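Same order as they appear, the protein sequences are chains A, B and C. So the first sequence is numbered by numbering that gives the first Met the number 0: it starts at 0 and just counts up by one. So the second sequence is numbered by numbering that gives the first Met the number 0: it starts at 0 and just counts up by one. So the third sequence is numbered by numbering that gives the first Met the number 0: it starts at 0 and just counts up by one.
Keep in mind that the hints were calculated from the coordinates and are not lab data. Predicted model, so just to flag it, every value in this text is computed and none were measured. Possibly wrong hints are sitting among the right ones.
[Claimed, not checked] Stretches of chain B that chain C covers, calculated by requiring three or more beta carbons in the stretch to come under 8 Å of a beta carbon on chain C:
#, segment
1, 50-57
2, 129-143
3, 181-192
[Claimed, not checked] Covered by chain B, according to a simulated footprint, are these stretches of chain C (three or more residues, beta-carbon under 8 Å):
#, segment
4, 29-42
5, 91-101
6, 120-133
[Unchecked claim] Take a look, some chain B residues computed to stay more than 12 Å from chain A by CB distance:
#, residue
7, Arg9
8, Val10
9, Leu11
10, Pro12
11, Ala41
12, Glu166
13, Lys226
14, Phe241
15, Val262
16, Leu266
Idealized CB from N, CA, C, for every residue including glycine.
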Amino acid sequence: MTFQALDIHKSFGDTEVLKGVSLSMKEGEFVALLGPSGSGKTTLLNIIAGLAHADRGQLLFAGEDITRLPAGQRHFGFVFQNYALFRHMTVAQNIAFGLRVLPRKSRPSRSAIAARTRELLEMIEMADLADRFPAQLSGGQRQRVAMARALAIEPRLLLMDEPFSALDAQVRQSLRESVRDLQRKAGVGAIMVTHDRAEAWALADRVAVMNEGHIVQFDRPEVLSSNPSSDFVRLLVRADAA
Amino acid sequence: MTAIPRSTPRVLPGLSLGLGISILFVTLIVLLPISGLLWQLAQLTPADYFRVMSSERVLTALRVTLTAAAAATLINGVFGLMLAWVLTRYRFAGRGLIDALVDLPFALPTAVAGIALVSLYDRSGWLGSVLDKFGLQVAYTWWGIMIAMIFTSIPFAVRAIQPAIEELDPDEEAAALTLGANGVQRFLRVVLRPLMPSILTGVGLSFVRSMGEFGAVIFIAGNLPYKTEIASLLILIRLDEFDYPAAAAIAGTLLLLSVILLVAINLAQTRMQRYLRAEG
Amino acid sequence: MTRFILIALSLLFLGLMVILPVIAIFHRAFADGFDAYRAAILDPETLAAIRLTVIATLLVLPLNVIFGVAAAWAIARFRFVGRRVLLILIEIPFAVSPIVAGLCFLLIYGAYGPVGALLEPYGVQLMFNLTGIVLVSAFVTCPFVMREVLPVLMVTGEDEELAAVTLGANGWQIFRHVVLPNISWGLAYGVVLTMARAMGEFGAVSVVAGAIRGQTMTLPLQIELMYNDYNATGAFAAATVLTALALVTLVLRGVLNRFGPKKEAHA
Numbered sequence: 000m001t002f003q004a005l006d007i008h009k010s011f012g013d014t015e016v017l018k019g020v021s022l023s024m025k026e027g028e029f030v031a032l033l034g035p036s037g038s039g040k041t042t043l044l045n046i047i048a049g050l051a052h053a054d055r056g057q058l059l060f061a062g063e064d065i066t067r068l069p070a071g072q073r074h075f076g077f078v079f080q081n082y083a084l085f086r087h088m089t090v091a092q093n094i095a096f097g098l099r100v101l102p103r104k105s106r107p108s109r110s111a112i113a114a115r116t117r118e119l120l121e122m123i124e125m126a127d128l129a130d131r132f133p134a135q136l137s138g139g140q141r142q143r144v145a146m147a148r149a150l151a152i153e154p155r156l157l158l159m160d161e162p163f164s165a166l167d168a169q170v171r172q173s174l175r176e177s178v179r180d181l182q183r184k185a186g187v188g189a190i191m192v193t194h195d196r197a198e199a200w201a202l203a204d205r206v207a208v209m210n211e212g213h214i215v216q217f218d219r220p221e222v223l224s225s226n227p228s229s230d231f232v233r234l235l236v237r238a239d240a241a
Numbered sequence: 000m001t002a003i004p005r006s007t008p009r010v011l012p013g014l015s016l017g018l019g020i021s022i023l024f025v026t027l028i029v030l031l032p033i034s035g036l037l038w039q040l041a042q043l044t045p046a047d048y049f050r051v052m053s054s055e056r057v058l059t060a061l062r063v064t065l066t067a068a069a070a071a072t073l074i075n076g077v078f079g080l081m082l083a084w085v086l087t088r089y090r091f092a093g094r095g096l097i098d099a100l101v102d103l104p105f106a107l108p109t110a111v112a113g114i115a116l117v118s119l120y121d122r123s124g125w126l127g128s129v130l131d132k133f134g135l136q137v138a139y140t141w142w143g144i145m146i147a148m149i150f151t152s153i154p155f156a157v158r159a160i161q162p163a164i165e166e167l168d169p170d171e172e173a174a175a176l177t178l179g180a181n182g183v184q185r186f187l188r189v190v191l192r193p194l195m196p197s198i199l200t201g202v203g204l205s206f207v208r209s210m211g212e213f214g215a216v217i218f219i220a221g222n223l224p225y226k227t228e229i230a231s232l233l234i235l236i237r238l239d240e241f242d243y244p245a246a247a248a249i250a251g252t253l254l255l256l257s258v259i260l261l262v263a264i265n266l267a268q269t270r271m272q273r274y275l276r277a278e279g
Numbered sequence: 000m001t002r003f004i005l006i007a008l009s010l011l012f013l014g015l016m017v018i019l020p021v022i023a024i025f026h027r028a029f030a031d032g033f034d035a036y037r038a039a040i041l042d043p044e045t046l047a048a049i050r051l052t053v054i055a056t057l058l059v060l061p062l063n064v065i066f067g068v069a070a071a072w073a074i075a076r077f078r079f080v081g082r083r084v085l086l087i088l089i090e091i092p093f094a095v096s097p098i099v100a101g102l103c104f105l106l107i108y109g110a111y112g113p114v115g116a117l118l119e120p121y122g123v124q125l126m127f128n129l130t131g132i133v134l135v136s137a138f139v140t141c142p143f144v145m146r147e148v149l150p151v152l153m154v155t156g157e158d159e160e161l162a163a164v165t166l167g168a169n170g171w172q173i174f175r176h177v178v179l180p181n182i183s184w185g186l187a188y189g190v191v192l193t194m195a196r197a198m199g200e201f202g203a204v205s206v207v208a209g210a211i212r213g214q215t216m217t218l219p220l221q222i223e224l225m226y227n228d229y230n231a232t233g234a235f236a237a238a239t240v241l242t243a244l245a246l247v248t249l250v251l252r253g254v255l256n257r258f259g260p261k262k263e264a265h266a
């Protein structure tokens, strides 16, 4: 199912954060929003999630206009930068939350929820930690729980806000693999916000480079490397290659 | 990234419900009653008001209330600062217990405090009998009123000053010491000055509280008109005589005084903090 | 040396001013022996006063909890016109003398007050009965729950709630499963403070209660009545009940402070 953002504008007070951003992605595609801080990438992600609303512009999902749809009805999985795990719930309860709060008529049975939770726990290789609380987990484990919680609702799109920024370099490397893996298995499109070029290159099918409220170039990583549209992109691409 | 407010147009639910309940409650429980007093006051002509307020009995009651509250506040300022200092800076056996007991006057119903204090300071009481030997009488005098006010408002002084002492930098005190400042200078310059805003808040709250105290005071006050009658009691007496205008006039004066005081404290505090910060 | 003097002076001050009066209460209550104490506590009027006090408190509590949580939520999570005004209004009862507070209620909800007069033709009387006691108690305890819950909401932040939103939870589910567990300690302390204050309020209640023996006498009013009747044992015996409650409040405060989460690491 395709997702499109059309001509999104957003201001906070006098500051224009997004100045007409458009983006369209294919089914199952992994897109990275890459840019320096203040480029508007997190705001764009929040607008897509429904955690903020655009001043102007339109969001389309599979042809349906979702611009005014409340966040909870979009069925998008969201992985927060600090994970925002429920501190008073166990790992299993965190993962099951999205299923437990479904309206009665569409809610799976108790045993079906338990089975789905177990399945996800095994997928993130944390079956033995089901009864731990978030405070008792390492950073990498929390990140995986956050992924599993977002995937539990079988989202139509997976949104990730700097999902690796709170982790140290080693954990980051190994988690990249597993995030890409989980996303493929779930067969869901994903949008990830990052300021790390290497991360975008390693994970994304296509990268949208953002600067000062615009998408300056949106293409496959190798095209961005071989054929940057501007000095800004050229510098960004080279920055850590040098 | 997180600096950008995420929830601008109401992503979280509950604003209208939360605000609706709050406004309903505050209107019925706070705003309407206060405006009831203002409504009654508005029916008084200025001449009526001054006639009530200039009577000898009212003036005495106000004088007794305000002087006792001022004296109690002064004592609470000194001992409140001392208690707050001892509780934050020193570690000694029983400190936790003492810290908890500071809140006792706040938790203890005022009527209970009242009869406890009078039984203590009465001529037959433990303290009263001792003081009597020196020809001193506390119960049923101005001094008793002051003691009761000290009792009920000491927690406010301590709890306002305590956090500020916790934030004081012990390094600065040490630095002052190495510069040769002696104890008194060090205390005045390095300790007292930065604590001033919170001391002011503490004594201000303590004064407002003392001024309005009723339960703890009336048992020990003696309640003699023109001598040991406090303003709150006089309001109650006028009320029992169904003299609503007089009751409202005295009550309005008390209310106005506390509001002015609280606003003044607030302003002084902001100004002082700005001044201290500018000084670095 | 300074340290020693300061500690000694502090202990002396606190001992004389705070601890001794409390000891005196128990001393006087048991001065005529335990049997006299027992008889005083079991006096029908005292028992009636205890019952009324408990009922009034149980009525005030839910009012204050609902208001306190609602106000804290609105103030912590939203920016709206009049937000500061609301905060100040909630704090007003703190600055108002109890007698003045009682008078305010009488002047508006009493038979001669604008609202009271409006209701009188329908046979609704708000003052000099249980309703009046509950209303003024709600006034004097107004800021307690809000004050404890607001800082907790500020510290926890809204991320968990937003996560619940993206997972499809509705308002009630977010409150029940995410907000309530997070604020539970602060809420518990607010409830303890509200209870202590509501049970002990004297001045404001004495204005609006009407003091009908055995009917609108709360425990603090009953204490005054007995004291003025020269029934010292009765007064002090009743006072021990309220003192015990105050001590329990302090213990609970200590427990909540020690075992309640301080500033948990953000998960």
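Structure-based check of all given hints:
no. : hint    : in the structure
1   : 50-57   : violated (count 0)
2   : 129-143 : violated (count 0)
3   : 181-192 : violated (count 1)
4   : 29-42   : violated (count 0)
5   : 91-101  : holds (count 9)
6   : 120-133 : violated (count 0)
7   : Arg9    : violated (9 Å)
8   : Val10   : violated (5 Å)
9   : Leu11   : violated (10 Å)
10  : Pro12   : violated (9 Å)
11  : Ala41   : holds (42 Å)
12  : Glu166  : holds (27 Å)
13  : Lys226  : holds (60 Å)
14  : Phe241  : holds (56 Å)
15  : Val262  : holds (30 Å)
16  : Leu266  : holds (28 Å)
Hints 1, 2, 3, 4, 6, 7, 8, 9, 10 from the earlier list are contradicted by this structure; the remaining hints agree with it.
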